[in-house]
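A.B. asks: Listed below are the residues making up each chain.
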Amino acid sequence: MTFVEILLLVISVILLVIAFMAVTAEKLIHAVLYLSALSMLSVVAFVLLKAPDVAITEAVIGSGIITALFVFTLLSVERKKGKTE
Amino acid sequence: MKKLVGFVVSLALALVIILTLNESALFPAFGEVDLAERISSQYFNLAQFEAVGSANIVTAILAGYRGLDTLGEVTVLFISSIGVAFIMAEQTRKRIELDYKANFMLRTGSRLIVSLILVTSFYIILHGHLSPGGGFPGGTMIASAILLLYLADEEFRSNIRGFKILESLAGTFIVVTGLLGLIFASAFLENFLPSGTIGELVSGGIIPIIYILIGLKVGSEISGIIDHFLSEEETV
Chain Y
1 MTFVEILLLV ISVILLVIAF MAVTAEKLIH AVLYLSALSM LSVVAFVLLK APDVAITEAV
61 IGSGIITALF VFTLLSVERK KGKTE
Chain R
1 MKKLVGFVVS LALALVIILT LNESALFPAF GEVDLAERIS SQYFNLAQFE AVGSANIVTA
61 ILAGYRGLDT LGEVTVLFIS SIGVAFIMAE QTRKRIELDY KANFMLRTGS RLIVSLILVT
121 SFYIILHGHL SPGGGFPGGT MIASAILLLY LADEEFRSNI RGFKILESLA GTFIVVTGLL
181 GLIFASAFLE NFLPSGTIGE LVSGGIIPII YILIGLKVGS EISGIIDHFL SEEETV
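Residue numbers (this note's numbering), protein chains in the order written: chain Y, 1 to 85; chain R, 1 to 236.
Possibly wrong hints are sitting among the right ones.
[To be verified] Here are some of the chain R residues that sit facing chain Y, going by a computed Cβ distance under 7 angstroms:
| id | residue |
| --- | --- |
| 1 | 137 |
| 2 | 141 |
| 3 | 185 |
Since the hints were derived computationally from the structure, they do not count as laboratory data. Think of the CB as a built atom: it goes at the ideal place given N, C-alpha and C, for glycine as much as any other residue.
Just need the whole structure built from these sequences, with the hints factored in.
C.D. replies: As structure tokens, this is what we get:
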């Protein structure tokens, strides 16, 4: 087993763990942050699998824009809730 | 209990997936795929010559041979931005109020970082035919710079009308470039410029032009979506 293969195995296991944590998180904001970490780690996996184009796109969209949009949606939903109650 | 059931179910699914795909002819090990079976070898043979002239084979296929598909992709993003504008746009909108107050350091520092992000995004767009990246990631990076400005400065509003004009102009010019290919060459979106030396910045025929236009279009579209998300109805 080469170093890259071992690294890939470790990353895959961490990815699985983070995905499980994202699904079972109690607070929605934590789930969003776990998803962000998931895409950041999958960027490393994509680079190791020699797909740099996919890696750049995933880094920008997956962990940047998507996380921000989720966080803002959560913020405005909570503000709406606070107003009606 | 619920977590345990979920764990067992996902474990069983993983087992099924591994058992079906392992040693399967359709799913060879990493690095052992015969690319000639999956991608038309025509692309690889042609990309080396002056037909496309892009050093990055992904870009050569995405913006060169499959330019029409990329145009469709851009159209999908355009439709989604129209959808967001249709649902969320009102006449009088003000910015959403953030829970924290941005201090002087945050405001000034973010200006500096925004300029760095913008330079990186233009680098990625301009070198789309040479290195990984291209119009879509670069455009999204422009939008993330705008997002940072929104976060760091509560007074900031981007010029949405300017973004709309830029988006429409970029979309129009992509189609015009395609039509020029129809006039000067034989097909829609075909390369009609000299492709130059592979590896130089000014090479690859129309691919850099199309990628710059796609980058501007994607950036302005996503910036518009961000503005819609970060503004709300005026409550009188």
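A.B. asks: With reference to the structure, classify each hint as holding or not holding.
C.D. replies: These are the hints, each one checked on the structure:
1. 137: This hint holds: residue 137 (chain R) lies near chain Y, its Cβ roughly 5 angstroms from the closest one there, short of 7 angstroms.
2. 141: With Cβ-Cβ at 5 angstroms, under 7 angstroms, it holds.
3. 185: 26 angstroms, violated
In the structure shown, a violation is registered for the earlier hint numbered 3 alone.
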